[in-house]
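Q: Here is how the chains run, residue by residue.
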Amino acid sequence: MSLVKPYLDVPGTTIFDAEQSRKGYHLNQFCMSLMQAANRERFKANERAYLDEWPMTEAQKQAVLARDLNRCISLGGNIYFLAKIGATDGKSFQQMAGSMTGMTEEEYRDMMIHGGRSVEGNRRTGEDGDAQPQHQPQGKAGRSGQKASI
Amino acid sequence: MARITASVYTSHIPAIGAALDLGKTHEPYWQPVFQGYEFSRQWLKDHRPDVIFLVFNDHATAFSLDMIPTFAIGTAAEFKPADEGWGARPVPTVIGHPELASHIAQSVIQQDFDLTIVNKMDVDHGLTVPLSLLCGAQDPVKGAWPCPVIPFAVNVVQYPVPSGQRCFNLGQAIRRAVESFDEDLNVQIWGTGGMSHQLQGPRAGLINKAFDSAFLDQLIADPATLAKKPHIDYVREAGSEGIELVMWLIARGAMADVAGGKPPHVAHRFYHVPASNTAVGHLILENS
Chain S
1 MSLVKPYLDV PGTTIFDAEQ SRKGYHLNQF CMSLMQAANR ERFKANERAY
51 LDEWPMTEAQ KQAVLARDLN RCISLGGNIY FLAKIGATDG KSFQQMAGSM
101 TGMTEEEYRD MMIHGGRSVE GNRRTGEDGD AQPQHQPQGK AGRSGQKASI
Chain E
1 MARITASVYT SHIPAIGAAL DLGKTHEPYW QPVFQGYEFS RQWLKDHRPD
51 VIFLVFNDHA TAFSLDMIPT FAIGTAAEFK PADEGWGARP VPTVIGHPEL
101 ASHIAQSVIQ QDFDLTIVNK MDVDHGLTVP LSLLCGAQDP VKGAWPCPVI
151 PFAVNVVQYP VPSGQRCFNL GQAIRRAVES FDEDLNVQIW GTGGMSHQLQ
201 GPRAGLINKA FDSAFLDQLI ADPATLAKKP HIDYVREAGS EGIELVMWLI
251 ARGAMADVAG GKPPHVAHRF YHVPASNTAV GHLILENS
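As you go down the protein sequences, you meet chains S and E in turn.
Under UniProt numbering, residue 150 is the last one in the first sequence; the count climbs by one each step, no gaps.
Under UniProt numbering, residue 288 is the last one in the second sequence; the count climbs by one each step, no gaps.
Check each hint, because a few of them may be wrong.
[To be verified] In silico EDC-like cross-links for lysine to aspartate or glutamate, where the CA-CA straight-line distance does not exceed 16 Å:
{"hint": "1", "chain 1": "E", "residue 1": "K209", "chain 2": "E", "residue 2": "E179"}
{"hint": "2", "chain 1": "E", "residue 1": "K80", "chain 2": "E", "residue 2": "D122"}
{"hint": "3", "chain 1": "S", "residue 1": "K5", "chain 2": "E", "residue 2": "D233"}
{"hint": "4", "chain 1": "E", "residue 1": "K262", "chain 2": "E", "residue 2": "D233"}
{"hint": "5", "chain 1": "E", "residue 1": "K209", "chain 2": "S", "residue 2": "E120"}
{"hint": "6", "chain 1": "E", "residue 1": "K120", "chain 2": "E", "residue 2": "E78"}
{"hint": "7", "chain 1": "S", "residue 1": "K23", "chain 2": "E", "residue 2": "D222"}
{"hint": "8", "chain 1": "E", "residue 1": "K120", "chain 2": "E", "residue 2": "E179"}
{"hint": "9", "chain 1": "E", "residue 1": "K209", "chain 2": "E", "residue 2": "D233"}
If you are wondering where the hints come from, they were derived from the structure by calculation, not from laboratory data.
Predicted model only: the values in this text are computed from it and were never measured.
One chain only, chain E, in its complex shape:
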């Protein structure tokens, strides 16, 4: 059967993608950010999965205001990097895993989560920046991502966004869905977005290191309590766009300890301020 072996958490800041694409990773401003992912690039080589289930949010790219799905799972064979207004990122096309994705869609919907099934979708920086951070720069034509990726988009743009509790429960449903897939696959689940940041209004630029640090601590040790944190606490303490952190609870909910297994091993933890407008957070948890 398929199983979830590890979860990866990371910010997905567009400026990080631009820094990679423009060869700026060694500039003093960016060096500390990319240093924080050196371990992770080696780790991914050593722990190469068969499939990555990647939780991200679309930033008014594939989904305009015409349709706003709360949870959308990509079941296509491939997903093209989107032109977000600056031109498409020069990175490889994302290869999907339609069989596992459609299996998860069917299982999770039967567990009372209303997923939107998406057979055609371009993917924006929310999905491609985490891949770049852990795989390094890849030639758009000759390069390739290490394995198929199932994109899972969460609405965190228009309020009300799903609660932390609902995201945490959804992660548990995804774990059950993966484990009911017959093929023997090593699956990683990645939660992206965050950490504290605000991109709008006179409060733009808000960073709350104390909040972020406590969030990471609690995500590791006590995610069930963290899942109860209300939306307004994220907005007040971590900025209006800090709400992206609820997506990390989907990945955390899929870990074995939540279903009665052993606590995960913390393989890596990293935090840095700033990248553009944002605090960068990154965590790798392995199932024992």
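Next comes chain S alone, as it looks inside the complex:
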């Protein structure tokens, strides 16, 4: 009998379950190491060398180097762990969360001030809300991308 995972059809959302946790173990533990000031300094001095001390996959290392948090999450990262990278970079949680939407920092902040993202159209994949795959990236980046493709 297979496990029930009713959360797989929520758009733009990865639930950090036991499988993701297993995939992301070393990636997330690398992030934990950044809670120590001395490790943050060593990481900043030579990111690649620091990452090579961890038995992470090459894809995970590339995602960290690119600060591509969506990719990190798809490879087993969890946002509370990944936040340690943002802290090392001097980023706020709002800047980190916003970076995953494609919006600029200002666009994301404005969305939050105006009440946040609506749940309408964003409950299930197949609907047409702004978090759905067909509407990425969001904000100006998405609009300019659309123009370029026409």
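With chain S fixed as given, assemble chain E onto it according to the hints.
A: Below, chain E alone, put in the same frame as chain S:
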């Protein structure tokens, strides 16, 4: 005997701690948030407990992926504010209550809940931000929290997290444990986290005021039904991190009406959007 006199519910957003620590509470962005807690700061002075039992979640701070306890009770004499990557918050050390904590651990485990007993733990914003919100800014050295605090950490980071029902039942077990402690202590139970928010992926920034409002209504009036809400409903409606709200059911389960007493008095209710990525919710319920 010890007794639970009130429960407090509040979000524990890290940016609120940063706003307090950096003296930004009067900025237009933050003013409405802190105004919502003015009543509560006076209330806590007027209803000062002997011990606060504080339910929170650790955000990859004390617990890495090396060990993931579902429920962890802090039995130490003190808990230091953690360095979460930005440096430790400049707030006082949290003084524990080892005698009551170990009593609760023993009682609750005997009521079939598997608690992890933690004798060494740094506490992150999940625990210190609620204290700051209700006690105001405190000097890390000269200041102090108003009473001892028992930290109670719940895993809401890695799925599967405990169900609302299990949290609600656990609250009832905690109430029985407190009431079987001989010393005459006034105990408050605080449930923290929430409300609707999502911190990850293209759906980051999700806020659902209708969900939050209904959750508060039902938490007050009909928590037994609310406890049946499945995990997926929180994720879909309140965002992937909105699941933190199950922790509020632990505090609610410890109130007297759940064990056949009178309904609680709603001393205060507050809601505001946004604080950083999140909706802020806050409630104070007093046992009659």
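Q: Taking the hints in turn, state whether each one holds.
A: How the hints compare with the structure:
1. At most 16 Å may separate the alpha-carbon atoms for a hinted pair to count; K209 (chain E) and E179 (chain E) exceed this at roughly 36 Å.
2. Simply put, K80 (chain E) and D122 (chain E) have alpha-carbon atoms about 5 Å apart, close enough for the 16 Å limit, and the pair holds.
3. Only pairs whose Cα atoms come within 16 Å are accepted, and K5 (chain S) paired with D233 (chain E) is accepted, the gap being roughly 13 Å.
4. Taken as a hint, the K262 (chain E) and D233 (chain E) pair is broken in the structure, with Cα atoms around 30 Å apart against an allowance of 16 Å.
5. For the suggested pair K209 (chain E) and E120 (chain S), the alpha carbons sit about 12 Å apart, so the restraint of at most 16 Å is met.
6. Among the hinted pairs, K120 (chain E) with E78 (chain E) is consistent with the structure: their alpha-carbon atoms are about 8 Å apart, no more than 16 Å.
7. As the CA atoms of K23 (chain S) and D222 (chain E) are separated by approximately 40 Å, the hinted pair breaks the 16 Å bound.
8. As the CA atoms of K120 (chain E) and E179 (chain E) are separated by approximately 26 Å, the hinted pair breaks the 16 Å bound.
9. A threshold of 16 Å between alpha carbons decides the hint, and for K209 (chain E) with D233 (chain E) the separation of about 15 Å falls inside it, so the pair holds.
Checked against the numbered hints above, the structure breaks hints 1, 4, 7, 8 and satisfies the rest.
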